[in-house]
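Protein chains in written order, with the working numbering: chain R, 1 to 274; chain G, 275 to 658; chain Z, 659 to 977.
Treat each hint with caution, since some may be false.
[To be verified] Pairs of lysine-lysine residues, derived as PhoX-like cross-links and limited to a Cα-Cα distance of at most 25 Å, are as follows:
hint	chain 1	residue 1	chain 2	residue 2
1	R	179	Z	930
2	Z	713	Z	767
3	Z	930	Z	896
4	Z	765	R	179
5	Z	767	Z	782
6	G	577	G	561
In case anyone wonders, no lab produced these hints; they're calculated from the structure.
Here the structure is a predicted model, which means the values were calculated and not measured.
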Amino acid sequence: MAESASSEDPDLNSLSLMLRVARSPGAWLGVLLISAIILLPSAAPFMRWLFPDVPRPVYTRASFFELTIAHVELTGASSLAAAALGISLGIFITRESGREFAPLASALTATAQTLPPVAVLALAIPSLGYGAAPVIVALWLYAIFPIFEGTATGLRAVPPEIREAARGIGFAPADRLFKIELPLALPFIFAGLRSAVTINIGTAAIGSAAGALSLGSPIIEGLAASNPAYILEGALVIALLAITIDRFLAWLEELTRPGRTLFKRACRASGKDH
Amino acid sequence: MPRVHDRVQLVLAAAGIAAIFFASFLNFAPNRLARSAAHGLLEAPSLQKWAVIGALAALFSLSLMKQQRTRSAVACIAAGVLSWGILAAAGSLAFTLTAAGPPAARASPGAAFWTLGAVAVFAIASAMQTAHLSLLARSVIGLFFCAAAVIMAAAGSFDQLSLVREFANISGVFLKELLRHVSLVGAAALLALLISVPLTLVVLRRQTLANAVLASLAILQTVPSIALFGVLIAPLSRLGEHFPFFPRIGISGTGAAPAIIALILYSLLPLVRSFHAGLSGVAPDVKEAAAALGFNRRQILLKIEVPLALPALLSGLRVATVQAIGLATVAALIGAGGLGTFIFQGIGQYALDLVLLGAFPVILLALIANFAFELLLRLAPESA
Amino acid sequence: MIELRGVSKSFGGPAAVCELSVAIDKGSFFVLAGPSGCGKTTVLRMINALIAPDKGEILVRGQDVRQVEPESLRRSIGYVIQSGGLFPHWRVADNILAVPRLLGWSKAKCEARLGELVALLHIKPALIDRYPGQLSGGEQQRIGVARALAADPDIILMDEPFAALDPVSRTALQDELRAIHAQTGKTIVFVTHDMDEALRLATGLGLMREGRLLQSGSPASLLNAPGCDFVRDFLGGKDLPLRQLEPVPVRALLRRRWTSASVAIPADATLKDALRMMLAKHCASLLVEDENGARIGEIRLSDILARRDQNRHPPTSQA
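The whole structure should be built from the sequences, with the hints applied where relevant.
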């Protein structure tokens, strides 16, 4: 009587899945990004044509692949660490034990969101020195707030009747949190994560000024040496990276809405329009 | 075990006490490049030292007080005493140490100082929140604290801190770059406003066009600022090469032009999005009533919808301005000037106090701008 | 089965529940009725330990609820709330099987139980894989009831489950619930402010006001002997005479003899239905049929009136 939806569901059919991916702009951007990374080293003639006066048209201190990986590491490490703390704090503040800290937390978050990310990076340097470490710490600190706010908002948005029903039918508090409340809060958490990651990608680029290796390195070196080719190359790759990751996270956010994409699948499977 | 009434203040006080014992209050180095030695709060003169300790003790015992009003009042006073204490202690300790040390010595506040400062700020914020003080009351208290700090600074209590000495070095340039920063932000905000208002009105009735515009602006928003600045340099310098008219009026590859253009582009999304939301949010019955009275479409738009959507536009302007203050800091990298010059110069020259002299004003500017807009929004009439 | 002894609860102001004592028998359909704010929901939520009483004891299956681990108590009691409380991110099937899965039932057992519930509650099989957001209010409440029944608990608590539904869905679900109760013999505690609903469903009825239990007993005993003016007014006031006819089936006043009456009425209809039909068809007697349509006798207006007189001066012993 209760069929598992996966067996006959046409949407999990690999062909239609591929078609759906092919239609999304995010996928195309990702392809563009990867091609840029691969093709840039050989783009010297093109760069020479664009900027005839520049002696070294293509950035060679490190390959764009290395730069991208370094950049993703900076952003990824800080964002994951920020997610760990931000989500835990968001959970804490919505539980009975943490309710007291909620007003202070919201005042703090509001203030933290007004601070320019560059300034936070700048504050980290006198305290922690140069290199990748202060950049990661600054990125981590800045990213905690949007993720925390997303988690807190998402958990508060769970309708009280659902929490009540879960408690009434016998879910233990931990079960309730992980099986009911967090899954329903997931879109909000992803929204916060997306905001944090997008800002961090930009700030990590500026971190090159403090000696961290990232996609901002060609741009900053280009600015110092008046080499517009470097600037353009760095800018192109980082812009593509930022947009691709943003689209990807937006897609993930949509997926986590209760029954959204799955809503459409279920409708198609049952042959009815809703 | 007495009942704890305010765990927030308890935690803050504990953090403050831990900071005194485990972190450095003042860092003292014989010159800019040498390692600094840590000096604790306990080395400071008695009055200030005991003021700090007393204030922390008061915060700690706050949790035992039953009346909420007393708690908030005591918290505010304790935080005030704490702030005065750490500022005065830092100032006089710096004075003592530099008097005895070499001329190039640096005295800068350490982790304990910043932690205690944070404790004071959070204690007041928490007290104001729980007492549900009005915006006016909070502003008055905030102003009082700022005024007290300014008076102390003017009286010279902080003169031996390396930060202040560095500021003395650059004070001439500081004002110039500050004004430059403000004018960059102001020009960009104004121009963005002039573009976004008509743009929103044009796409208002056409939903698909509006969606397309908002989507493209959103994509633009995700492009890192340094990339956008960088991308604008080449075309603008080309433009300057081929058409000498432009450099003459100040538009060239480096300098303010690419910065302002990028800032305008970044400001468009918050402005268009909020203005559009404000216009769409005007209740249909209001528009219907106006139509029934005989207003034509254009009059309804200009006399009814736009005024009702102004608070939303103001809110978008707030977001755009605060964002622009931060972005203009990055613009220093492409030669546009502004407070960012101190930050990046400081990073390049390993002059860390210079970095702070750039970062703190930027933060203050952002907070002041945010606060000013918030005030304006409260004063604006309610929209439909 | 369920017993409350001297239970009191206050939420910082006047008492929400005051010295309430009631015993609910095993297998009964006990309805707790009363105006909004009288404390009936609070009483219900104390039975499955969602709220702890300030004073008094609550015994479920002979055990004080405070001695039992709350989660295991709640897993053994079904719970339906007004807005359904279905989990929007789980499909209908997963919602229904929530408690069995918490209890660790095997997949096969779960599937089998799902099939039983779909049949029992007449759930359209197409809905099983849908999400609650795609269902109508009536369908959602049906799923809510299924979820409460899933682990086959012997006690079900229902807090105004049909209040938000349109009258048609409400009547349909009430009938089904009555049928399920008759079929399964579970103990049901049902809270409502709707007197019609209470009288349709209850085998035991308790009337509350401002935290106190005013009267409890069988519906007939309350109808025939309301303890005070408030009870009388809540039960229908001026319509009380008509209400009193409701619990009584036509069968009770059946005269097994041949009749010339031409208008027919089923034996399981209520006296109120009979009265209504007599008024509509301008006749003083009706032909009574059984469930197969065979004529078994007649019912007369004079008998209904005679019963009314009996009610007005009831004999001293009442159920």
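Hint by hint, here is what the structure shows:
1. R:179 / Z:930: Distance ~50 Å between residue 179 of chain R and residue 930 of chain Z Cα, so the pair is violated.
2. Z:713 / Z:767: 41 Å, violated
3. Z:930 / Z:896: 15 Å, holds
4. Z:765 / R:179: 19 Å, holds
5. Z:767 / Z:782: This hinted pair holds, its Cα atoms lying about 21 Å apart.
6. G:577 / G:561: 10 Å, holds
When the structure is compared with the earlier hints, violations turn up for hints 1 and 2 and for no others.
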